[in-house]
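Peer 1: So the chains spell out like this:
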Amino acid sequence: MYAQMVDTGAKKLRTLEEMGPEERAFQERIDADVKIEPKDWMPEAYRKTLIRQISQHAHSEVVGMLPEGNWITRAPSLQRKAILMAKVQDEAGHGLYLYAAAETLGVSRDQLVADLHAGKAKYSSIFNYPTLTWADIGAIGWLVDGAAIMNQIPLCRCSFGPYSRAMIRVCKEESFHQRQGFDIMMTLCRGTAEQKAMAQDALNRWWWPSLMMFGPPDADSVHSAQSAQWKIKILSNDELRQRFVDQTVPQADYLGITMPDPELKWNAERGHYDFGPIDWDELYNVVKGNGPCNRDRLRTRVKAWEEGAWVREAALAYAEKRAARVQKAA
Amino acid sequence: MTMERSEWPLWEIFIRSQHGLAHKHVGSLHAPDAEMAIKNARDVYTRRNEGVSIWAVKSADVTATAPSEKGPLFEPANSKIYRHPTFFPMPDEVKHI
Numbered sequence: 007m008y009a010q011m012v013d014t015g016a017k018k019l020r021t022l023e024e025m026g027p028e029e030r031a032f033q034e035r036i037d038a039d040v041k042i043e044p045k046d047w048m049p050e051a052y053r054k055t056l057i058r059q060i061s062q063h064a065h066s067e068v069v070g071m072l073p074e075g076n077w078i079t080r081a082p083s084l085q086r087k088a089i090l091m092a093k094v095q096d097e098a099g100h101g102l103y104l105y106a107a108a109e110t111l112g113v114s115r116d117q118l119v120a121d122l123h124a125g126k127a128k129y130s131s132i133f134n135y136p137t138l139t140w141a142d143i144g145a146i147g148w149l150v151d152g153a154a155i156m157n158q159i160p161l162c163r164c165s166f167g168p169y170s171r172a173m174i175r176v177c178k179e180e181s182f183h184q185r186q187g188f189d190i191m192m193t194l195c196r197g198t199a200e201q202k203a204m205a206q207d208a209l210n211r212w213w214w215p216s217l218m219m220f221g222p223p224d225a226d227s228v229h230s231a232q233s234a235q236w237k238i239k240i241l242s243n244d245e246l247r248q249r250f251v252d253q254t255v256p257q258a259d260y261l262g263i264t265m266p267d268p269e270l271k272w273n274a275e276r277g278h279y280d281f282g283p284i285d286w287d288e289l290y291n292v293v294k295g296n297g298p299c300n301r302d303r304l305r306t307r308v309k310a311w312e313e314g315a316w317v318r319e320a321a322l323a324y325a326e327k328r329a330a331r332v333q334k335a336a
Numbered sequence: 003m004t005m006e007r008s009e010w011p012l013w014e015i016f017i018r019s020q021h022g023l024a025h026k027h028v029g030s031l032h033a034p035d036a037e038m039a040i041k042n043a044r045d046v047y048t049r050r051n052e053g054v055s056i057w058a059v060k061s062a063d064v065t066a067t068a069p070s071e072k073g074p075l076f077e078p079a080n081s082k083i084y085r086h087p088t089f090f091p092m093p094d095e096v097k098h099i
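First to last, the protein sequences are chains U and H.
Just so we're aligned: the first sequence equals residues 7 to 336 in the working numbering.
Just so we're aligned: the second sequence equals residues 3 to 99 in the working numbering.
With the rest of the complex left out, here is chain U (with noise of 0.2 angstroms):
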């Protein structure tokens, strides 16, 4: 979901009967939940989905960095400006774990980035989505940290060690990004019927948002079955949106505010909540580049790393230099 329709350019699933002995041996091992590491033996298209996939995970915790560092400057208090600061700076770490583990795969940074400026790369949809109010940070804590989370659990036990790995760290810290957005919007509806108004609002401009973050359905994907087979996605979209409504929405009662949504009710035969039909227009029209912010989030990401690049080179001319002279004075 932070990684959204990733091709595996795969056509059909094959047997292990279809399989040379190399690849035979290696989905063997995934079938045995032996992790792969970066220098053993992989099919080329593991690899290629696996940069695709955690390069676009990165690149989504990068891009996060943008609507909430929006409201900084505008925190309503000095703890809540750290919080949100602390919050902001785990997201770049996220984004440093997840690159370190695409590199495992014989990419550069450099080249990853670029791919992201080119556009060639893709993130998260949800990032495209603008943060209005100060509500909407409580907003994105909750619900899209929330959904990351419920995405992000099942990608610990993934196939390949230096992702799972990355995962088990990132999830550890992320039930404090959720917990801070759902504090924030407790303390909103318990305050004056004009902050609860402002969390009903963003509730209501974040809600579908989030429920498309976990990618159109997938039953018929030979992408998913893929990734499944690989072990590189574990629960399907479906199974993790059905998971993310079935949890949320206790929540939301117990803040007092409404899920936008007039076809959502318990279904006691089936256990779970049933939801309306989500716009998949909107999320394929917001994966082209044509949601509200995508343009000035590429720009600003484009701005930040060209108006950075004195920074790196003068850091590197430095260290070369003074490696010069310990070498001369030897």
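Mixed in with the good hints there might be a few duds.
As the list claims (entries may be wrong) - Pairwise CB distance ranges, derived in the manner of DEER restraints: (1) U:Ala98 with H:Phe90: 53 to 59 angstroms; (2) H:Ala68 with U:Ala330: 31 to 37 angstroms; (3) H:Pro78 with U:Leu22: 28 to 34 angstroms; (4) H:Arg50 with U:Asp13: 34 to 40 angstroms.
Claimed, not checked - A few chain H residues that face chain U, going by a derived Cβ cut-off under 7 angstroms, partial list only: (5) Glu9; (6) Gly29; (7) Pro34; (8) Asp35; (9) Val46; (10) Thr67; (11) Pro69.
Read the hints as simulated data drawn from the structure, not as lab findings.
For each residue, glycine too, the CB sits at the ideal point set by N, CA and C.
Chain U is already provided as a structure; the job is to place chain H on it using the hints.
Peer 2: Chain H only, in chain U's frame:
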């Protein structure tokens, strides 16, 4: 653009946790030099008191075994099960051994 040249080298980061254990590999990061590698490692890997000591080692300086050598390299240990104390059954009457 001089892309290849401008990328900072990669460093492997090892952290000693609070509990007096050995330094353990936690991940990697890019930094122009050793000093910056330590500073970045502080920010990336110890935001929640995960450690009391950091080692940074240039990734290029790490020598590793190849997965294909695993068999011949570690096989000799497999056949020497007498190195484990459980190889020697002890009578129940014998204590403290």
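Peer 1: Work down the list of hints and note, for each, if the structure agrees.
Peer 2: Comparing the hints with the structure gives:
no. : hint                                      : result
1   : U:Ala98 with H:Phe90: 53 to 59 angstroms  : holds (55 angstroms)
2   : H:Ala68 with U:Ala330: 31 to 37 angstroms : holds (34 angstroms)
3   : H:Pro78 with U:Leu22: 28 to 34 angstroms  : holds (32 angstroms)
4   : H:Arg50 with U:Asp13: 34 to 40 angstroms  : holds (36 angstroms)
5   : Glu9                                      : holds (5 angstroms)
6   : Gly29                                     : holds (6 angstroms)
7   : Pro34                                     : holds (4 angstroms)
8   : Asp35                                     : holds (4 angstroms)
9   : Val46                                     : holds (5 angstroms)
10  : Thr67                                     : violated (9 angstroms)
11  : Pro69                                     : holds (5 angstroms)
Figure legend: structure checked against the earlier numbered hints; the only hint not met is number 10.
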